[in-house]
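All residue numbers for the sequence shown refer to our numbering, where the first residue is 1 and numbers rise by one.
Careful, some of the hints might be misleading.
[Stated by the list, open to error] Below, a list of computed lysine-lysine pairs in the DSSO-like style, where the Cα atoms sit at most 27 Å apart: (1) Lys-106 <-> Lys-333; (2) Lys-333 <-> Lys-56; (3) Lys-56 <-> Lys-106.
Since the hints were derived computationally from the structure, they do not count as laboratory data. On a predicted model such as this, the values are computed, not experimentally measured, just so you know.
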Amino acid sequence: MVSRAERGPISDWFWTIDRFLLAVFVALIGLGFILSFAASPGVAERLNIDSLHFVKRHALFIFPALAVMIGLSFLSPRQVRRAALLLLLFSIAMMVFTQFYGFEAKGSRRWFSIAGFSVQPSEFLKPAFIIICAWLFSEHSRQPDIPGNLFAIILFGIVVALLIAQPDLGQTILVTIAWGTLFFMAGMPWFWIILLACAAVALFVSAYFVFPHVAGRIDRFWTGEGDTHQVDTAREAIMLGGWFGQGPGEGTMKGILPDSHTDFIFSVAAEEFGILFCLVLVAIFLVIVLRGLSHANREGDEFTRLAIAGLTLLIGFQSMIHIGVNLELLPAKGMTLPLISYGGSSMLAISITAGFLLALTRRNPEKRATGRQTGYHDMKLTAEHV
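Just need the whole structure built from these sequences, with the hints factored in.
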């Protein structure tokens, strides 16, 4: 245990970090590793590879994810902004690179390969985009002559254009909802809110007519006709699990459920561990959202308030979309469950999001550090005077 009397970066971090929130994120990573044993062997066997292939690769990212999350949680709000800006520029550059040199899978060009691993730049873009937009909105609020709102709108347009070019409508919706929430929280006039809301509706209506796969998914969701194998199998897996599940390793539907280790891992969890276990998962994400928004509500600094709320809702909305698709409450869309689903890019990106969130929710780390330096200076002057 770190003593309160100790002074240094580690002790300051330990006594200012939200240890409950940190424990929740670590618990999610642990649950994700456990569920990888349940969800991924069937997928590996269908691909004629080692049954533990995805389990081993999932485990490979656990320690880097923890290191990234804890390392970023040491940053001050100013350092968070700088890190987010660098990450945003790098992610945008990589998304442009992917359009020319990436590989295509399932009709989308979202990934590029490096050292045998697939990297999805859009995953890393999301937390950086939210933080920079929070900073732009807060700067306009602090100094109205700074066109922060305009820059945030332009940046949003660039990000959406890159996502649509892939195309990735799910991430586009997620980013739009999170950005729109920040826009509303920043106190924008209702005229602009209504105007941008209408533009968003027009954009998604256009996507229905432009992208056949989008139209197909929405039509299947409304009518139930066509190829509904994935969602039907996911629903059956949840129903077979019942309240208490069939037991670890006893699930049968995961063997025929496509993407059971990524987009439909919630259904696998329901089949093997039961609905009660899934309710616990939902409660964990709900706790993250409520605790994050509670921090944001108590925060006096505008940038920190917006950034905390945006990062919290990013995690909350992503988990809601994943669970909603598994429960057939939303049209089918590939969306990972944060820190649970398989995927190195997703795990590292959510760890970055969690690290930024932990850094921003620390109890005035800069003031604590400043106070320590001031106290030391005062004691030194007193000693010299004596």
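Hints versus structure:
Taken as a hint, the Lys-106 and Lys-333 pair is honoured in the structure, with Cα atoms around 12 Å apart against an allowance of 27 Å. At most 27 Å may separate the alpha-carbon atoms for a hinted pair to count; Lys-333 and Lys-56 meet this at roughly 26 Å. Between Lys-56 and Lys-106 the CA atoms are separated by roughly 24 Å; this keeps the pair inside 27 Å, and the hint holds.
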